[in-house]
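**Q** For reference, the chains in residue letters:
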Amino acid sequence: MSVLEMRAVGKVYGQGPSEVVALADVDLSVGPGTMVAVMGPSGSGKSTLLTIAGSLEAPSSGEVLVGGTGLTGMTRDELARLRRRSIGYVFQDFNLLPGLTAVENVALPLELDGVRARRARQSALEALDRLGLAERAGHFPDQLSGGERQRVAIARAVVGDRRLLLADEPTGALDSVTGETVMRLVLAACKQGLAAVVVTHDAQLASWADRVVFLRDGRVIDRTMPPPGPESLLGADR
Amino acid sequence: MSGGGLPARIAVSRWAWRLFRREWRRQVLVLALLAVAVAVTVFGLGAAGSALPPGAAQFGDADYLLVLRGAGPALQDEITAARQAYPAAEVIDHQNIAVPGSATPIDLRDQSPDGPLGRPMLRLDAGRYPDGPGEVAVTARTAGLFHLAVGAVWRQNGGSRTVVGLVENPNNLLDAFALVAPGQIGSLDHVSVLVRATAAQFQSAQRPAGAEVQFRGNAGADPTFIVLVLATVGLLFVGLLAAAGFAVLAQRRLRALGMLTAIGARHRHLRLVMLANGAVVGGIAALAGGAAGLAAWLLLAPRLETVVQHRIDRFDLPWPQLTATVGLATVTAVAAAWWPARAVARVPVVAALSARPPRPRPAHRFAVLGAVLLAAGLTLLVFSGPDRAAIGAGGIAATAAGVLLLAPLLVAALAAVARACPVAVRIALRDLARYRARSGAALAAITMATGIAAAIIVGAGAAQAAAPGGGNLPDDELIVWLTPGRFEGPVPQFDTAQLARARSTVASIATAVHGGAPLPLIGVVSPDARIESIDGGATGGKPVAALGIPHRSGRGVEYHGNEMIPLLVAGPEILQRYGIPAASIDATTDVLTSHTDLSAYQLVGAGRQRESWRPTVQHIDRLPAHTSDPTALITEHGMRALGLTPAPVGWLVTAARPLTPAQVGKAEEAARVSGLDLAVETRPPAADLARLRTGAAAIGAAVALGVIAMSVGLIRSEAGRDLHTLAANGAGRGTRRRLTTATAGALALLGAILGTAGAYAALIAWYHRDLHALTGVPVGHLTGLVAGLPLLAAAAAWLLAGREPPGLARSPLE
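Chains Y and A, in that order, are what the protein sequence lines are.
Its first residue numbered 1, the first sequence is counted upward by one per residue in my numbering.
Its first residue numbered 1, the second sequence is counted upward by one per residue in my numbering.
Simulated from the structure, these hints should not be mistaken for laboratory data.
In this text, all values refer to a predicted model and were calculated from it rather than measured experimentally.
Hints may contain errors.
[Claimed, not checked] Simulated restraints on C-beta separations:
# : chain 1 : residue 1 : chain 2 : residue 2 : range
1 : Y       : Arg-116   : A       : Asp-313   : 51 to 61 Å
2 : A       : Val-28    : Y       : Ser-145   : 23 to 33 Å
3 : Y       : Gly-172   : A       : Ala-295   : 31 to 41 Å
4 : Y       : Ala-117   : A       : Val-28    : 24 to 34 Å
Using N, Cα and C, we set each Cβ at its ideal position, and we do this for glycine too.
All chains should be built: construct the whole structure from the sequences, respecting the hints.
**A** Structural data, given as structure tokens:
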């Protein structure tokens, strides 16, 4: 069963002369352990696709299912619970809460879901440890480097029993070496059974994915396997 | 645990607390403004509880006060009757001592400092109390008037007394008197009897028939009303400031809150972040403000004594109300955080993540509700009063809520006028409308700050003008009467030389106070009246006619001095002074008056045959309302009907500014040295209105400037991208300065106009029965507020616009 399934999804902003079609008739299915890269020029609808997949926005048409459950008709609170339990987000600009330490940022989704602070902290520490950040757990975001912050964001996105990882340009604010490290971590998360959708402009990073979806003007114009290149060597390590 | 339960709330609250600790500098302005509002409220509660003259000033520990007038055996009989009716009563004899040059006599009283009921009315400041014949203690004012000191000999009415001490009435520092030992007054003018009794006891006793009775409960307004109204206004102000501040804060945290939603937080969690912050900020501000207000009160209360004119017990505060105010300030801050919290929780996640402010709601949505609340508030104020405190408080609350809801509409109206403005001003005004969630709340807070200041500026003068006991004259007027009896009793018949000397004296007084030409006051006398001696001296004159309310008692008909109205001739000079065209006076009119009803009054001093006169009265709004001013003018028709003839009684002098004590002293000295027994009447000394008004304007402007700084900073930082676009298109630093200046100036101007208009609307509703009280418009202070505040805000914005604090534009995400 697909972790994420989008069926004929469309999204229209505005009305009348100011109407903008952001997505049109998009179908996408992502299974467990699969990483899908979404590419396309600016304004092609990549980020809209991600926000609809993550239940942050409702589609104008079509249907979205996460873990086999349709999002249509869910209440706000049910959608929030879904995000806490099943969906992890990684943003280009990290989006860590400045008042919380790294471990507290990671534990936050668990605590919001009602997990006791001590248990949530334990799980968060384990997640950080897996990402090599155990010794930085007590640091605040502004005491971490860009790469470390993005690793904390990934830890927050995968902590608990998440099944779907959505990343919007996760390496956009990082240098190439750090970006590669981050992609390795996303890939490692997929290896453990997570489904991942990664929006990127970078063809090299897209080559890490199992599948690449190309968007233009809100429509899927191509679906390919990643092109061969140096990254395939890294892929061979998997 | 689908909602996250307690752990989620703890996690969210912890984050809110951490945010506050990290970013408290960004909230320091809100915190400071709230603390100042709470401090001012706490200080105001202390002042309000002490501002009113305490009943002990007149009653001591008594519940009732009997005043016995008359003379000789009849008075002695009444005193005996009073003692028999109330065995525990304290009897105090009084004699009026004329003050040369002044219309206000000094009270000589024979009160015992150990009296069972009157003890709170006496305090010894120096020397000792008199305890035998030939000794006297005087108040500071009496000592000043007669140039006395402890050890000096005071010669008065042919006798002499040694001054043995300086005393005061601690509950009324304006009480100018001299104290002698009991039984040491020879010629009594009246006797006061202090009685402590329950209503039933008092009513059941057989008291003297001619006694005037005063009840302690009626002695002054209930301070509870002032305290309640002040607390309501203070908390409303705290709420508006907090709402404006938290609206700013919510926008700054929009991205962080959007991220929180993205990882699964519910709307209630987002609201909790803002509410927790509101609780922390409100709690700290309430405690800090409460402590600061209390400290300020303890430090400044002694200085306030000279304003309220009675001693103040600094620790005699309305503690329950104070504690409740500090607690409610926290609750108000939390409540004020709710609205921005609700608004920010409703922002779509994607918009929040990109920090896009929510689309402004149509301004008219709440305008109707605002108009209804404003109308309801003003209506409640019309029906409120000192005995209807809850209605008054509700009226103020509804008026403020109405202004809050109308503010966005007015901000939107600014954008409508922007089309014709230069580009920087146009952008500034349109940005105010775009970000009207912030600018609307800020405008409401600025309006409230300037409204409170304007209400104090206008209301202080109005309260004084409307005060029944203290409203004899405005503070910039004085009257030089021909006799200490003012317009009652006989007036001297001067020859030409004496009249010229009197005119010269009055002219010199008018010059000294930078006043205009003195207005002659002409009374009326009966030509057939016999000449009476004035104060038992050699001078004599005919009694001048006046209007008074008759009171029938065992001694016959009496007229109380505080109810007497001067009856002056409606001559050309007086009509011209008050702008009354002669043609507007009906041919059959006998009396022109500003009083709404004269039916209870009788003509006094013109002979018994004229007491039943029922004049034809014409109401004239332009005539003044103060009781010694020309409030009733008799026309030629009236004089002919009664067969009265004119007789000069005095001159009215209007000074350029409110009179100072030094000017009053000099005027009294000039009257004294004239040798004509002239008497100067002025308004009794009271609070320094000018200082009060200046202080109110300054504090109101300072708070409004704080709110403007807070809002303008945010609005301009939100529009930072526009600035970059402008810069890319060649706009320089000047454009940025003009943008910020226009934003600050527009907010300040609108707030000042609205606040002043709102204050006037509320005061008109409050004084609707006596609008005369509002005729003295303090133009200087109001101009300073309405024009000065926008200019100050614009100037500050111009100076600071070049250096925008980087923290304002920084997103609270890492």
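**Q** None of the hints should be skipped; say for each whether it holds.
**A** Hint check:
1. Y:Arg-116 to A:Asp-313: 51 to 61 Å: holds, 54 Å
2. A:Val-28 to Y:Ser-145: 23 to 33 Å: holds, 30 Å
3. Y:Gly-172 to A:Ala-295: 31 to 41 Å: violated, 54 Å
4. Y:Ala-117 to A:Val-28: 24 to 34 Å: 30 Å Cβ-Cβ, so the 24 to 34 Å window holds.
The earlier numbered hint that this structure contradicts is number 3, and it is the only one.
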